[in-house]
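K.L.:
Model the full structure from these sequences, guided by the hints.
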Amino acid sequence: MTLWLYLHFPALQLDSLYATHEQHALVIVDGHKNTIVQHNQTAHKHGIKNGMGLGTAASLCHDLQVHPYKIAIEKEKLAETAHWLYSVTADISLFEPNGILLKVSNMLSLYKNLEHYWQTLHSHLSLLALKYNFATGYSPLAARLLAKVGVNQIISNQENLVEHLHQQSLCHTELSVATIEKLRRVGITTISALLNITLTDLAKRFDLELVNYVGRLTGQLKHPLNFYRPSEAFKHRLELLFEIDNLQWLAKPLSILLTKLEYFLKKRNLITHEITLLLHQRDHGDLELTIHSAQGEYQSQKWLTLSQLTVESIKLLAPVQSITLLVKHSMPLNPLVEDLFSTAKGVYSPEELVSVLQAKLGKQAVQGMHLTEDPRPERSTEICLPLSHTSYCQHQAYKLRPSLLLPRPQRLTEQVAIMQGPERLATGWWDGNPMARDYFIAQTPNGRWLWIYRTAEKQWFLHGIFS
Amino acid sequence: MSGQYAELFCQSNFSFLQGASHAEELVIQADALNYHALAITDECSVAGVVRAYTAIKQHNLALKLIVGSLFKLNSTLQVLVLCPNRRAYAELCRIITNARRRAEKGAYALSKWDLTSINHGLLIWLPLGSDSGSDSNSSADHEWGIWLKKHHHQRLWIGLQNHLSAYEKQYAQHCLNLSETFDIPITACGGVLMHTTSRLPLQHTLTAIRYNTTVNKAGKHLLVNAERSLRSKDTLEKLYRSQWLAETIKIAKRCSFQLSELQYEYPSELIPIGKTPMGYLRELVVQGIKTRFPDGIDDTIAAIIDKELALIEALNYPFFFLTIHDIVMFAKAQGILYQGRGSAANSIVCYCLEITAVDPQKISVLLERFISKERNEPPDIDVDFEHERREEVIQYIYQKYGRERAALAATVISYRFKSAVRDVGKALGIAETQLDFFIKNINRRDKTSDWQTQIVDLGLNPGSLISKQFIALVNEIISFPRHLSQHVGGFVISSGPLYELVPVENASMADRTVIQWDKDDLESLGLLKVDILALGMLTALKKCFSLVEKFHQQRLTIADITRKQDDPNVYSMLQRADTVGVFQIESRAQMSMLPRLKPATYYDLVIQIAIVRPGPIQGDMVHPFLKRRDGKEAITYPSQAVKEVLSRTLGVPIFQEQVIKLAMVAAGFSGGEADQLRRAMAKWNKNGELLKFKAKLIDGMQVRGYNAEFAERIFQQICGFGEYGFPESHSASFAVLAYASAWLKYYYPTAFYTALLNSLPMGFYSASQLVQDARRHGIIILPICINHSQYDHIVTRHNDKETQTDTLAIRLGMRLIKGFSSKAAKTLIRHRPPSGFSDIKQLKNVAINNKDIELLASADALKILSGNRYSARWSIMNTENKLPLFAVETDNSKQFNYSPSEFDTLIEDYAATSLSLNTHPITLLESLNLLGRFTRMKDLTDKAHQSLVSVVGVVTGKQSPGTAGGVTFFTLEDDTGNINVVVWAGTARAQKQAYLTAKILKVKGILEREGEVIHVIAGKLIDLSAEMDKLTSASRDFH
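Chains as they are written, first to last, in this note's numbering: chain A, 1 to 467; chain S, 1 to 1039.
Calculated from the structure, these hints are not laboratory results.
Predicted model only: the values in this text are computed from it and were never measured.
Watch out, some of these pointers could steer you wrong.
Unchecked claim - Quick list of in silico lysine-lysine cross-link-like pairs, DSSO-like style, CA-CA up to 27 Å:
| # | chain 1 | residue 1 | chain 2 | residue 2 |
| --- | --- | --- | --- | --- |
| 1 | A | 182 | A | 148 |
| 2 | A | 45 | S | 1020 |
| 3 | A | 45 | S | 440 |
P.N.:
Printed below as a string of structure tokens:
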């Protein structure tokens, strides 16, 4: 029979937060049920338990930090963990969002014995600093059940394993709540009681789910599994415990990611010329930074230095909540050799043109522009990444606006004749930049059309010039 | 500016999430700006006009109010309809009603026909213009111009607005063109949404809420400036040509309709042909005297009746009494128990009309409380009916008067603190989890720090811009109406179609319609409503009366019980606080007051019911009353006038009416002012309206020679009363039901508990608590049984094997089984053989489904057939037997021998029926030595006052009344009874975890005894919930 090992990570999201200290009580809350699903040690000391409502938890501890549960984070972390384990063990199956199943039997020929295998695995895994429970079993489901209840035993003795299995309550199984309840209502609450009934008797009273489960648990039925295959790209995300608005503080968490990258590249004997850093900003889009290294590099320290240079020139729109490190190519890219003016013009697609311009002038020098819905003229257009905004803001487009807007309004010094207006703009209170102006279209004696405004204090300014 | 202006286009906040000012603010501001008139034109609604009307009256404004409404037919046509006269108003109401009734709640669907059918209203057309740069709009305007002109060549204007947007000049030119082309005059109008420019942020916030976005993303939906506010006439003169402004006055002068013209006409079919309403009422009263006073009446009573009738005649209320009489006569004929309450209900006229059952001779003290001319309030009669049968009464009303003539009053659902925090926070882009956190953690009852301070403690940065905006906007939006809902039972019935009086719209409940006004609005206009309310206790009393009749051959009515005079046995039970199930005085707070107040007469009960309310408690009136009652404090009155008001409550104001009366006799309030005060009290949290009365009240009292301290105290008491003040007139009716239920509990307990159990959900206690209370009173409770139970709980004769006596017992019914339908129960009982079912197979042949049989098994109702529920379920679950071929074969699958433990049984009992007649959890836990040393409830009587005790129980109740100063009352249930535990805020705070989460709690504390009532003042709280887990591996709640 095949021996399996299951690793259960009960607090994967919590563990993947960038947490170096445990000063604050921290909980992960399932937004749908509004209950605590993970909590740290400090929260535990306050009497917080999993399954508790957020309201109760909040009243037990006032400066509670609350993070919403995100299954995507756990899945991502789980894949990273599988990837990590891949260097020491072969057949890995993911049980999303928080479990990993390992086929042990095949590995025993590589390692001295089960104990040695486990030691290697354990010390490798401990580098990730994740909480986990584990158990072995002679079917995937048996190992999973024992791991989830936290027996934390690595044994291969079949009798012992069966004995352990039999003691377990049904409420830790993968069966649906309704089935568990139905079983309980005829007095079946443990695995042993369940296995005591013949499959025929069960089939008369229960649906296929239960029969399948029992078959797979005992190993009578085959359990189809998909095994993990590593990808060639590197992608890791780190959730920050605190939002960072000063990029100086990014170095620490970044170095964690870069160390992982170094490990990844070293293992594969690769270097990369370009890494991409995604800063996930609160209520704003991701800020993407690409960092180049002309000669190619794998060492985390070098990349860190390069990153810091780039990061220094970045302005955040909002605090950063998490960061992702991406390496798309681990092969050097061919530099663009064509001359901008040597080929026929007009054959570039917009994307090509942008990338050529960026290559020639530097990324910062090429920017796009789009209309916003903000009524304030200063904010009615916004600089953006080239080609990132293609939607056309109809509402603003209708307004008669000058083609040249002065970067800063200037005092109106010449005599003008007012041709149209006023158009009153009195808004913008919400972000601390309110304005109250009456705009007019005016003409100078020499025929220029100006966009001018008057403030509430009756001062006149020039703000734009019509073409 | 010398010219005049009338604003013809103004939306209040009853145009939900558009208007950003209260109607009251709008009229005050318009008056201050010296407008000639203001039209309130909410979108397809007149819900805001009464507020405006009342404000104008209250503040004696010179402003003229015009009633109108804004309609959007589709994206290209918007018109205002204004009411020049009563007929136009009826027309408007009809159009709104039609448009509203076509759409689901909250929406409307106008049709072209609605607009063409306007024959009296004035139309102001709001052309789209071409400011958005599209030609399609101006061609749409052109088409509508032709259409409008065709149907309304008179009474039609173009409404020209100028909001200083980019294209005003072009728009004005466009309107001028339309005006010339179609020969339609132009009038200026403002499109007002705010009474002042400072409301712009709130208007933006409302817009963001409306489009379910945040303010900074709402972009094109937001107003770009604050011009849609009430602007000064100088400003308007600069924006509009003078003839356009003059036109507004011409239109306004044509609008002579005033809301005061609305006359409520009662349905005439109530009066037999040839009789006058008053004559008919007198006739009915004379008849009533014969039934109510078989021995005739004395001169005093006769004089009172004459006085009451004279007043009814003078105030022209006979129809009101006749309408209610008609409804209660229907109820009486159908055998539906009912009782009237309210100021007018406590009259001998109402007693004679059989609206109430309170013998007025017993409560002579109340008679002065009849409606009075000087108090200027409308007569108030609410009628409570059995809650399970109220629908019959409602259907009777609909049937008798038709849906055109009867509808429910609206209740305006307004922003309250939580909804305000949530909506404003979302609009400002604050994360929802954070808002949830704020809402959960802000204690609005905390008197030491207001919510603004608390929210800062919870992590809102007080210095940041968003926090300041958040706090200001939340404060502003609170009390803004959000939508209309239906009143619990206030009916408006009219003689003609109701939709000519007020628009009717759909309620969320199918087949229910509501009018657009709430009860305050109706009151303001002097329109009367009839309150048809549901009361669970009446259902229980009715059921109890039938059981008493069946088992004791005694026919009872409420009036029979009250006529028996005060019964000392019943009062002594009340004084012991043995009141589980007794109407109104069964709550923990009431129970703790009973031994102190020691009610011994009917009027004591009236006080008892009114005194344990937030009003009197917050106003600190309870302790002075108790002291005076116990003779520990002298009863003094500052004057004879005050004495007359307060003497029946020993000088302490307890009832709402007394406070109002005090304002009149001591501070010289007029009837009208007193009425305003009464309304301000009802909603004093809203805009601090009550404070406006402070100066007048205190000055008035000082002028009349009362000292400042007394005056200040009275004012504080009024504030304390706030919305919680309880009227004596209602208390008096409730006391009758309280007494009747107590009397039944004392004399016919078996019938009483059965009736209560059959009327659930109602009252304060669950079936489990009622059953345990019944058992403590020595009543035998028999379990649910497939062969003996009915759907309802029943009283049954039971032969007690121990004593060999035949007694009455309660047999629990199948209604207790969660999820078991009454239909299944009926089928089952219909097919039950006279000798009962003999095995499960026989049961399966009856036409009820497996799920229902399993439910019966779970409730252990099949015990008689199969031993225990586990084996019953095992055999039910076998699907093989269902196949016809196997039907005859016996079940050959392995028999399943699971013998449940007591704990299993307990869990099952709670899961299936929420109560257990088997071993109590505390007994179980104790038998396993898991509880340590403790005293049981029944043994607490032997403990000395102030001694140290430990008690253990299942936490069945946890209440922290806002009035109790941080105290939480825990009810712990052990196997001998309920223990009252008092937990002080400090104790709770120090032991938060046990306080908040324990299901089984051990409390070490000090025993306090007051008469026969025992409290334990908690010191240490120990959470023993985890011990339950030791009983089973399955972690399940037994609640």
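K.L.:
Hints first: check each against the structure and report whether it holds.
P.N.:
Here is how each hint holds up against the structure:
| no. | hint | verdict |
| --- | --- | --- |
| 1 | A:182 with A:148 | 22 Å, holds |
| 2 | A:45 with S:1020 | 19 Å, holds |
| 3 | A:45 with S:440 | 21 Å, holds |
Violated hints: none; the structure is consistent with every hint.
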